[in-house]
Amino acid sequence: MTQLALARALNAGMRRAMEADPKVLLMGEDIGRLGGVFRVTDGLQKDFGEDRVIDTPLAESGIVGTAIGLALRGYRPVCEIQFDGFVFPAFDQIVSQLAKMRLRSLGKVALPVVVRIPCGGGIGAVEHHSESPESYFAHTPGLRVVACANPSDGYWMLQQAIACDDPVIFFEPKRQYWDKGEVDTAPGLSEVEPMSAARVVREGTDLTLVTYGPMVKNALAAAVAAEEDGRSIEVIDLRSLSPLDTEALTDSVRRTGRLVVAHEAPVFGALSAEIAARITEACFYHLEAPVLRVGGFSAPYPPSRLEDHFLPDLDRILDAVDRALAY
Amino acid sequence: MTTERTETRASGPADPARRLDLYRLQVELRRFEKRAYDLFMRNLVKGTSHLSLGQEAIAAGVALAMRPDDWTFATYRGHAHTLARGAPMTPVLAELLGRENGLLGGKGGSMHLTSAEHNMMGSYAIVGAHLTLAAGAAWSAQYRESGQVAVCFFGDGATNIGAFHEALNLAAVWSLPVVFVCENNLYMEYTPIGSVTAVPRPAADRAAAYGLEPVVVDGNDADAVYDVASAALDRARRGDGPSLVEAVTYRHGGHSRADPGTYRPDEEVEAWLARDPVTAYRSRLLGEGVEEAELLAVESGVDAAVDRATEEAIEAPPPSAEAILTDVWADGGSSWRN
Ligand SMILES: Cc1ncc(C[n+]2csc(CCOP(=O)(O)OP(=O)(O)O)c2C)c(N)n1
Ligand SMILES: [Mg+2]
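Line by line, the protein sequences are chains A and B. Quick note on the numbering used here: the first sequence kicks off at 296 and runs consecutively. Quick note on the numbering used here: the second sequence kicks off at 313 and runs consecutively.
These aren't lab readings, by the way, just hints derived from the structure by calculation. Incorrect hints may appear among the rest.
To be verified - List of simulated lysine-lysine pairs, BS3-like, C-alpha gap at most 25 Å:
id : chain 1 : residue 1 : chain 2 : residue 2
1  : A       : K318      : A       : K341
2  : A       : K475      : A       : K512
3  : A       : K512      : A       : K395
4  : B       : K358      : A       : K475
5  : B       : K346      : B       : K358
6  : A       : K512      : B       : K358
To be verified - Residues of chain B placed beyond 10 Å of chain A at every Cβ, according to the derived structure:
id : residue
7  : M423
8  : S487
9  : D517
Glycine included, every Cβ here is placed at the ideal spot set by N, Cα and C.
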């Protein structure tokens with residue numbers, strides 16, 4: 296067991312993946328000499344060379360496009376997008392090519408590309424730098440979409456994503472890059488929980504609170520606060536946003552009878568809507584209350600002075616918990 | 313490989329009033345940016361900013377060559393371009409500090425300064441995006457036969473994204489009245505532009521691909537910039553189509569607040585600091601016989617204005633939480649989806 300910050304854990308995960316497989320390449324803007332704007336790739340160019348850790352031109356479509364070409368012929372590129380909002384110039388390549396080559400080749404061509412995206416708010420940055428664009432990708436068949444919420448998952452899920460034969464959109468909660476946590480680096484990759492599985496991070500009996508990425512921390516804090524009022528909240532970290540681990544959710548909701556889904560993205564058309572629909576269908580007779588959702592507003596992400604009002608905080612989560620329990 | 317034409321300073325005697333205006337504007341931009349830097353360092357606002365310290369001659373030289381009804385499109389490094397079009401200091405500074413009296417009510421911040429009243433059509437933080445927007449605005453001027461020109465500023469890094477090439481071709485093929493100004497400060501964030509670009513001049517060496525003249529100008533010489541900009545604006549107004557100007561310059565500080573800029577060699581930084589556009593311009597004016605007292609008066613006037621703007625910005629409250637939900641749709645709000 297070692298204590299690592301999320302950024303260091305991701306770095307260690309990439310290092311291990313690169314040591315294990317010479318076909319793993321990293322590419323992105325400022326990721327080599329600088330080590331990335333968040334320093335997640337710090338030191339990797341020095342150790343693996345400029346051929347494997349590549350400082351690219353400013354060209355997201357080109358980065359993902361060439362990564363697809365490399366993957367077509369056997370490489371495993373990991374692309375870093377500097378900030379969530381800068382993935383959109385690459386969006387076309389991701390949804391039109393990356394997601395579809397397997398089908399087009401009748402399964403003969405795999406595209407093991409990872410697109411790493413720092414996501415979410417809370418660092419005092421404005422729109423383009425604080426977005427939660429996961430739903431756009433989760434909506435696209437052919438992509439896996441995952442979000443890590445702690446250093447251990449950062450370390451392991453990133454290695455699993457790199458080893459995965461599907462393309463993976465990998466979300467990293469940027470405001471938690473320097474939050475530390477325990478990482479057990481001893482097991483082999485096949486021995487750890489697969490990234491496709493959701494995880495119960497706190498057990499409870501009265502209500503299920505589902506979230507992912509940066510909001511897991513808030514959800515746990517909400518569960519602790521609710522406990523003081525005698526309410527037992529089960530918190531689930533989704534980890535995989537597509538495909539969804541529906542079974543883990545239904546198991547929990549059948550026990551608790553209530554579900555609140557929280558995320559930073561605006562709730563309109565968001566992942567929480569998909570979860571609400573699935574749970575309503577699968578657990579209709581177990582539900583004591585409608586599925587409630589907590590999320591960002593349908594408005595562009597605001598600058599720093601307003602972001603505390605924008606981000607779903609403890610109070611907004613607890614309010615939804617109260618409303619669900621009041622039914 | 314390049315057939316560049318380096319524009320030098322105007323050959324004829326320059327208009328003294330315009331020279332003084334150019335000096336005043338550069339001093340304004342310099343001292344405003346220095347104040348913004350100080351305020352950011354005092355942690356008066358969480359978040360980042362991208363300053364134009366060292367690049368003032370470009371903003372000043374181009375803006376003073378423009379007609380008031382011409383349009384500016386800038387990047388996240390846009391404070392100078394906003395001020396240069398006449399937006400007053402107080403709302404600009406207040407916007408950086410996230411105050412209610414800011415240019416955008418404190419809702420936009422440093423990277424998105426926009427002032428339609430001053431024909432400052434926005435600061436854009438998605439690199440490359442605004443080049444096609446500027447081409448579209450220019451197209452509207454062509455339709456209306458209004459004689460207006462769109463001027464679009466962007467960095468050297470932007471020349472490697474697809475949107476740059478789309479915009480250049482669209483503008484050239486339709487002969488649009490737009491002037492593209494690449495502020496080549498030699499770095500795309502932390503990466504030297506030469507290490508990620510196929511040609512030595514990131515903008516000028518691409519001009520030929522769109523049937524345009526390669527134009528390189530000393531971006532630290534406001535007179536040279538003014539002359540090159542005037543020629544490009546005239547050409548656009550005459551209906552002769554777009555221009556692509558590469559103004560070579562250097563930022564004195566890092567890319568953004570968080571960046572001390574240590575990846576740049578000391579000798580390089582020193583050489584460029586010695587070519588400070590504002591002090592060089594001051595020396596030029598003195599050398600040509602302008603009284604120092606006149607320049608001192610300009611400087612103290614600017615200092616007083618910066619101090620006043622600082623006070624007015626700091627005293628103002630932040631916007632209310634409800635401001636998040638206004639101006640999302642045509643009805644003024646966003647409530648129908650919240
Ligand atoms: C599409 C996109 N990708 C990445 C970024 C992150 N980013 C912001 S500024 C910048 C470098 C831009 O360099 P340059 O165009 O030379 O402009 P300068 O900052 O030097 O003025 C990068 C990579 C962005 N804003 N937009
Ligand atoms: Mg640059």
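How the hints compare with the structure:
{"no.": "1", "hint": "A/K318 with A/K341", "verdict": "holds, 17 Å"}
{"no.": "2", "hint": "A/K475 with A/K512", "verdict": "holds, 12 Å"}
{"no.": "3", "hint": "A/K512 with A/K395", "verdict": "violated, 34 Å"}
{"no.": "4", "hint": "B/K358 with A/K475", "verdict": "holds, 23 Å"}
{"no.": "5", "hint": "B/K346 with B/K358", "verdict": "holds, 17 Å"}
{"no.": "6", "hint": "A/K512 with B/K358", "verdict": "holds, 22 Å"}
{"no.": "7", "hint": "M423", "verdict": "violated, 6 Å"}
{"no.": "8", "hint": "S487", "verdict": "holds, 27 Å"}
{"no.": "9", "hint": "D517", "verdict": "holds, 14 Å"}
Hints 3 and 7, counting from the list given before, are not met by this structure.
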